[in-house]
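**Student:** All chains should be modelled from the sequences, with the hints used to inform the complete structure.
Going down the list, the sequences are from chains A and B. Each step along the first sequence adds one to the number in the numbering used here, with nothing skipped, and position 113 is 113. Each step along the second sequence adds one to the number in the numbering used here, with nothing skipped, and position 358 is 358.
Hints are computed from structural coordinates only; laboratory data are not their basis. Misleading hints may appear alongside valid ones.
[What the hints assert, rightly or not] List time: in silico EDC-like cross-link candidates among lysine to aspartate or glutamate, alpha-carbon distance up to 16 Å:
#, chain 1, residue 1, chain 2, residue 2
1, B, Lys-397, B, Glu-429
2, B, Lys-320, A, Glu-88
3, A, Lys-180, A, Glu-20
4, B, Lys-390, B, Glu-429
5, A, Lys-153, A, Glu-64
6, B, Lys-137, B, Asp-102
7, B, Lys-343, B, Asp-386
8, A, Lys-95, B, Asp-321
9, B, Lys-320, A, Asp-92
[To be verified] Quick list of simulated restraints, FRET-style, between CB atoms:
#, chain 1, residue 1, chain 2, residue 2, range
10, A, Pro-196, B, Asp-102, 33 to 43 Å
11, B, Val-318, A, Asn-76, 43 to 53 Å
12, A, Gly-257, B, Val-318, 48 to 58 Å
13, B, Gln-346, A, Gly-202, 29 to 39 Å
14, A, Met-100, B, Asp-246, 48 to 58 Å
15, A, Ser-5, B, Tyr-76, 32 to 42 Å
16, B, Glu-49, A, Lys-86, 51 to 61 Å
17, A, Arg-238, B, Asp-246, 40 to 50 Å
18, A, Gln-204, B, Ser-276, 24 to 34 Å
19, B, Glu-116, A, Gly-202, 58 to 68 Å
20, A, Ser-5, B, Ala-290, 22 to 32 Å
21, A, Asn-76, B, Lys-397, 36 to 46 Å
22, B, Asp-394, A, Arg-238, 51 to 61 Å
23, B, Glu-347, A, Lys-255, 50 to 60 Å
Note that the coordinates shown come from a computational prediction; the quantities given were computed from them, not determined experimentally. Ideal Cβ positions, reconstructed from N, Cα and C, are used throughout, including at glycine.
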Amino acid sequence: MTLKSRHLLGLERLTRAEIEYFLDTAGSLKEISSRDIKKVPTLRGKTVINLFFEASTRTRTSFEIAAKRLSADTINFSASTSSVTKGETLIDTAKNIEAMRPDLVVIRHPASGAPELLTHWLDLPIINAGDGSHEHPTQGLLDLFTVREKKGKIDGLTLTIIGDITHSRVARSDIYGFQKMGARVRVCGPPTLIPPGIESLGVQKFTRLEPALEGADVVMALRIQLERLAAPPFPSLREYSRLFGINLERLRLLKPGSIIMHPGPINRGVEISPEVAYSSSSVILDQVENGVAVRMAVLYLLSGRSVDAQ
Amino acid sequence: MITNQTTKLIRGGRILDPASGRDGIFDLLIQNGQIARIDPQIAPPPGAEIIDATGLLVVPGLVDIHTHLREPGYEYKETILTGSQAAAAGGFTSLACMANTDPPNDNSSVTEFIRERAQKAGLVNIYPVGAVSKGLKGESLAEIGSMVASGIVAVSDDGNPVMNSGLMRNALEYTQIFDIPVISHCEDLGLSQGGQVNEGLASLRTGLAGIPAEAEVSMVVRDLLLARLTGGKLHLAHISTARSVDAIRAAKAQGLKVTAETAPHYFTLTEEAVLSFDTNAKVNPPLRSAADREAVRNGLRDGTIDCIASDHAPHSLVEKDLEFTQASSGTVGLETTLPLTLKLVQEGLLSLSQAIALLSINPARILNLKKGSLSIGADADITVIDPGRKLTVDPEKFRSRGRNTAFPGLQLQGRAAITLIRGEITFRE
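**Tutor:** See the structure below:
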């Protein structure tokens, strides 16, 4: 198996076989994290740069742990402590970092397309750790991995994504990833937060929660990203929660064995109630755990140790 | 100022003058900077410079109604001189330049500065467009009368819409004193604010904020209503959507005197061009859907859209080698507009005469310029086109300072071989 691209920019461009390759590799690497000594020498001598231009705890920590468990050296670069605050452009920052000879670049950026921009300027594998409202491919992969682990398959399942679809990079990656793997995808939220033309991606659109939950195998509640909404296009968080929040009562609408996911961080009591977040249906912490295995797989497969392409 | 006493004879070319309907092989004699004769065979007067145009097309000097020359204020993007060089190389002999410079052209001293620089460059007739509002702020009318006295031929806040409908009404009324058009940049900021790409396929796939077609259409409709109310002269800039074309067509059918332009990127490209986050394809209004492009092309064919403008918008790398959301909008166009228009002829959409009219007599009439026609006694502003010449768009070869073309690497056929104003050669390939 070879990957077509040396980069991971989004799930839109991966084939089903490539997605399975990442998931299978993650499956074989997951066990490392439960060892007494959680380290293998696979990427010894490799340097991974985490370029984070946007606040992130979970994703950055997850990438850092993943790299360290593979024995890579990791450097965290965050915008607030960098020369970006002195006016340096993304390209100049990236060219300077390239001059220090890293082997892989992981980038999180508030602008859609920023990772793709780097691929034109750097001769290095670029891993998208979330770009604007575009894609978050490692989140998509860890969601797929978690569903496959919990439900034994992805083919034929129905996934319902609830919330702000327009501004969600997780939604886009999940829509592409789950559909490629044979699942049906529904999106549900206030019409002001669902992009026009979403049906052209092959998904079903709902503006009321109850029918969207009916028959769903997997429910993904998205965070209401207040920081991305200058003026929220809904009246209040209270009303949002009333119409679209997942609480215990709504959990009962789901068929037995359905699972609840959330990409985190959660707004308690807004899109998900604490009782649901920590219920037996919730796999939110499994997602976080699996995130490390998936990112180990991504770093490993893109490190050049196994990729023949380019 | 170009003063030219020499005599030139353009021999054996196909003379195509949409304004008079002349189309055939003729010789054209230039004396004292004017067109002296057009006849099947003209014996060269003594001392005449002979230009052999066999196999070439001789058309009225092209007119571009919508450019940004960036001077004063943004000379690192373009100057009046480099913009003039680009225009001449693209076959243009006249152009109008927008007011969004720094300082903006909202008073006669800036207008005079532009005219002085234009004359010093001496390569193209430059007609400044004045601002509608002071400081392009959309609040109160600029001193339009003083600017007209200094040489503006139209007013526009282009780059910004005139959001205040009352101010737009006043502009359409006040400009009737001078019989100049108000050129409207149609964009409802309430619908477009923060937008980067077309709302639809492009915003859906990239996650970039979308600008709906309705941001343009609603303002086109508003301006048509205000033109009807006031009887003012309205020209609609860079039309990009199907429903705008429909609205203009309906208004014209009802007898409203309104004119409109589009630009080559709107009849050539679609929003697919931004799916790779290419900032050179970031333009305002944004590249639209395939259906919109089709409607714009049909609007050109049936005359709903009156002319083709480059909307030449040069930027430096500082504004384009950036994240898509940070990059400035605009593509250069002076050096690609003619071949991209000829492509419509090659594709069978337009006749050659239609294509040339869209680039010469039509925009000249909108601006009330005595240009765009090969008539006896007119200034010898002439573009000689080599219709067979193949070219590949190469930004490194542009005369413009801007390298930001939305068409890099595109293979085209047909370009200006010789450009003349008042009988003087301003470009020769």
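**Student:** Look at each hint and say if it fits the structure.
**Tutor:** So, going through the hints one by one against the coordinates:
1. This hinted pair checks out: B:Lys-397 and B:Glu-429 have alpha carbons roughly 12 Å apart, not beyond 16 Å.
2. Among the hinted pairs, B:Lys-320 with A:Glu-88 is consistent with the structure: their alpha-carbon atoms are about 14 Å apart, no more than 16 Å.
3. Between A:Lys-180 and A:Glu-20 the CA atoms are separated by roughly 10 Å; this keeps the pair inside 16 Å, and the hint holds.
4. For the hint pairing B:Lys-390 with B:Glu-429, the CA-to-CA distance comes to about 13 Å; that is within 16 Å, so the pair holds.
5. Restraint check for A:Lys-153 and A:Glu-64: not satisfied, since their Cα atoms lie roughly 29 Å apart, outside the 16 Å limit.
6. Distance check on the hinted pair: B:Lys-137 and B:Asp-102 sit about 13 Å apart at the alpha-carbon level, within 16 Å; holds.
7. Straight-line distance between C-alpha atoms of B:Lys-343 and B:Asp-386 comes to about 13 Å, which keeps the hinted pair within the 16 Å bound.
8. Between A:Lys-95 and B:Asp-321 the alpha-carbon distance is near 13 Å, which keeps this suggested pair within the 16 Å criterion.
9. At most 16 Å may separate the alpha-carbon atoms for a hinted pair to count; B:Lys-320 and A:Asp-92 meet this at roughly 13 Å.
10. For the hinted restraint 33 to 43 Å between A:Pro-196 and B:Asp-102, the CB-CB distance of approximately 37 Å keeps it satisfied.
11. Separation of B:Val-318 from A:Asn-76 is about 29 Å and departs from the stated range, judged on CB atoms against 43 to 53 Å.
12. Restraint check, A:Gly-257 to B:Val-318: a C-beta distance of roughly 56 Å satisfies the suggested window 48 to 58 Å.
13. A C-beta distance of roughly 37 Å is found between B:Gln-346 and A:Gly-202, which places it inside the suggested range of 29 to 39 Å.
14. For the pair A:Met-100 and B:Asp-246, the beta carbons lie near 57 Å from each other, so the given range of 48 to 58 Å is met.
15. In this structure, A:Ser-5 and B:Tyr-76 meet the distance hint of 32 to 42 Å, their C-beta atoms being roughly 36 Å apart.
16. Evaluation of the 51 to 61 Å hint for B:Glu-49 and A:Lys-86 yields a pass: the beta carbon distance comes to about 59 Å.
17. Between A:Arg-238 and B:Asp-246 the beta carbon distance is about 43 Å. The supplied range of 40 to 50 Å therefore holds.
18. At roughly 28 Å, the beta carbons of A:Gln-204 and B:Ser-276 sit within the given window of 24 to 34 Å.
19. Between B:Glu-116 and A:Gly-202 the CB atoms are about 60 Å apart, so this pair conforms to the stated range of 58 to 68 Å.
20. Look at A:Ser-5 against B:Ala-290: about 27 Å separates their beta carbons, and that is inside 22 to 32 Å.
21. A hinted range of 36 to 46 Å for the beta carbons of A:Asn-76 and B:Lys-397 is consistent with their spacing of about 44 Å.
22. One distance hint, 51 to 61 Å for the beta-carbon pair B:Asp-394 and A:Arg-238, holds here, with the actual separation near 59 Å.
23. Taking 50 to 60 Å as the suggested C-beta distance range, the pair B:Glu-347 and A:Lys-255 conforms, at roughly 55 Å.
Hint compliance for this structure: hints 5, 11 are broken, all remaining hints hold.
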